[in-house]
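**Q** Order-wise, the sequence lines are chains B and S. Just so it is clear: in the first sequence, position 113 is 113 by the numbering used here, and no numbers are missing. Just so it is clear: in the second sequence, position 7 is 7 by the numbering used here, and no numbers are missing.
One or more of the hints may lead you astray.
Stated by the list, open to error - The list that follows gives simulated cross-link-like pairs (lysine-lysine, BS3-like), each with its CA atoms no further than 30 Å apart:
#1 Lys64/B to Lys82/S
#2 Lys121/S to Lys127/B
#3 Lys82/S to Lys121/S
#4 Lys25/B to Lys82/S
#5 Lys127/B to Lys83/B
Claimed, not checked - To give a feel for the contact side, a few chain B residues facing chain S, derived at Cβ under 8 Å:
#6 Ile129
#7 Gly133
#8 Gly141
#9 Pro180
#10 Ile183
Because the hints were derived from the structure by calculation, they are not lab data. Each residue gets a CB set at the ideal place from its N, CA and C atoms; glycine is no exception.
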Amino acid sequence: MNEGYFGDARQARADAREALRLTSKGTVPMWAAQALALAGDVTGAEKLADELNRQLPLDTSVQKYWLPMIRANVALDLHNPDKAIDLLRIVSPYELGTFGFLNPIYTRGQAYLVQRNGSAAAAEFQKIIDHPGIVWAVPLGALAHLQLGRAYALQGDTAKARAAYQYFLRLWKDADPDIPILIAAKTEYAKLQ
Amino acid sequence: MGTGELEKASQVYELWQQTYPRDWVPYNNLATLNAAFGKYEEALEEARQALRLEPENQDNYVVASFSYFSLNRVDEAAAVVKQAEERKLESEELLGIRYQLAFLRGDEREMDRLVASVAGKPGAESSLWFCEVVAAAYQGRRTEEQVAWTCAARRRSCRTKWC
Numbered sequence: 001m002n003e004g005y006f007g008d009a010r011q012a013r014a015d016a017r018e019a020l021r022l023t024s025k026g027t028v029p030m031w032a033a034q035a036l037a038l039a040g041d042v043t044g045a046e047k048l049a050d051e052l053n054r055q056l057p058l059d060t061s062v063q064k065y066w067l068p069m070i071r072a073n074v075a076l077d078l079h080n081p082d083k084a085i086d087l088l089r090i091v092s093p094y095e096l097g098t099f100g101f102l103n104p105i106y107t108r109g110q111a112y113l114v115q116r117n118g119s120a121a122a123a124e125f126q127k128i129i130d131h132p133g134i135v136w137a138v139p140l141g142a143l144a145h146l147q148l149g150r151a152y153a154l155q156g157d158t159a160k161a162r163a164a165y166q167y168f169l170r171l172w173k174d175a176d177p178d179i180p181i182l183i184a185a186k187t188e189y190a191k192l193q
Numbered sequence: 001m002g003t004g005e006l007e008k009a010s011q012v013y014e015l016w017q018q019t020y021p022r023d024w025v026p027y028n029n030l031a032t033l034n035a036a037f038g039k040y041e042e043a044l045e046e047a048r049q050a051l052r053l054e055p056e057n058q059d060n061y062v063v064a065s066f067s068y069f070s071l072n073r074v075d076e077a078a079a080v081v082k083q084a085e086e087r088k089l090e091s092e093e094l095l096g097i098r099y100q101l102a103f104l105r106g107d108e109r110e111m112d113r114l115v116a117s118v119a120g121k122p123g124a125e126s127s128l129w130f131c132e133v134v135a136a137a138y139q140g141r142r143t144e145e146q147v148a149w150t151c152a153a154r155r156r157s158c159r160t161k162w163c
């Protein structure tokens with residue numbers, strides 16, 4: 001799933017399929033569906049989501065967290081941020097919980113970015129940054145700084161945007177240089193200068 | 001819990017608490033459920049009760065320290081972990097908590113020390129290996145992450161530090 005967030009769709013799809021080949025137990029199908037949705041594989045993500053819905057119709061985490069989040073990411077794939085935000089309403093009471101490291105908040109933030117609603121997006125990414133104990137070391141914690149920079153840039157607040165980009169680039173100073181989201185971040189940061 | 005109906009499970013644990021108020025298990029389980037729901041203050045309260053009723057069970061320290069650091073109360077989380085250490089309690093989960101605390105404090109020396117301390121201990125080693133891989137991904141070091149996952153999936157050894 002990390003590869004989906006990193007912007008490497010091909011690797012994300014391959015990893016998701018490999019994970020499912022190894023096991024379909026526990027939360028693997030949920031994470032795999034999320035990875036496929038992040039990678040733009042609408043058919044694959046929807047198929048897995050439908051299967052989860054059929055198998056676990058009463059499961060709180062599936063019905064009120066995973067399915068809305070997966071389908072919100074599918075909605076983003078289909079360029080429908082309004083639907084993504086609407087789907088995520090059901091997740092709100094659980095979004096700080098331990099099911100999935102604040103992923104729904106990140107997705108909502110991205111939907112606001114697509115809507116070009118910088119202030120709403122900034123509020124979502126700031127929520128992630130404000131909860132390091134929950135997000136812990138998962139990459140979303142680092143990527144939230146980049147997305148916050150994008151949100152500030154949308155608002156025209158170049159100083160805050162630059163600071164957020166700089167923070168992210170410092171965190172990723174030893175990152176592999178070929179990661180698509182890092183390449184994009186460097187390009188965007190250069191334009192802010 | 002078999003159907004995943006967590007709200008119903010909460011109600012059952014509450015009834016269990018009322019029926020057996022000196023039993024630590026429903027407090028621990030409710031703490032875990034509240035954390036799942038993102039209700040960390042409530043989780044902490046239940047966890048502290050579980051700890052008060054059964055201070056010799058390491059799981060109670062795990063859920064209490066986890067609740068503290070989810071509330072960004074890192075020093076209190078560390079104090080709980082220290083209490084467990086003083087009682088000579090240890091588990092893979094507690095080890096993971098210690099690594100997470102070190103990460104949150106930016107204490108790379110402690111992270112490395114913990115990893116070194118479990119070398120050759122299969123369960124503990126794999127527990128911290130997972131933490132290390134996640135921490136690598138946080139910094140965008142995905143080559144290390146990918147190599148580690150691939151080796152784990154294929155269950156074969158290799159010579160990189162990540163396996």
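**Q** If a hint holds in the structure, say so; if it does not, say that too.
**A** Right, here's what the structure says about each hint:
Between Lys64/B and Lys82/S, the direct Cα distance comes to roughly 36 Å. Violation of the 30 Å bound is thereby established for this hinted pair. Only pairs whose Cα atoms come within 30 Å are accepted, and Lys121/S paired with Lys127/B is rejected, the gap being roughly 38 Å. Between Lys82/S and Lys121/S the CA atoms are separated by roughly 22 Å; this keeps the pair inside 30 Å, and the hint holds. Of the pairs offered as hints, the one joining Lys25/B and Lys82/S is violated, with about 35 Å between alpha carbons and a cut-off of 30 Å exceeded.
For the suggested pair Lys127/B and Lys83/B, the alpha carbons sit about 21 Å apart, so the restraint of at most 30 Å is met. Interface hint at Ile129/B: violated, since its Cβ lies 11 Å from the closest Cβ of chain S, which is beyond the 8 Å cut-off. Taking 8 Å as the C-beta cut-off, the interface hint given for Gly133/B holds, the closest approach to chain S being about 4 Å. Taking 8 Å as the C-beta cut-off, the interface hint given for Gly141/B holds, the closest approach to chain S being about 6 Å.
The criterion of a C-beta within 8 Å of any C-beta in chain S is not met by Pro180/B, whose closest approach is roughly 11 Å, and the hint is violated. A least Cβ separation of about 11 Å between Ile183/B and chain S goes past the 8 Å threshold, and the interface hint is therefore violated.
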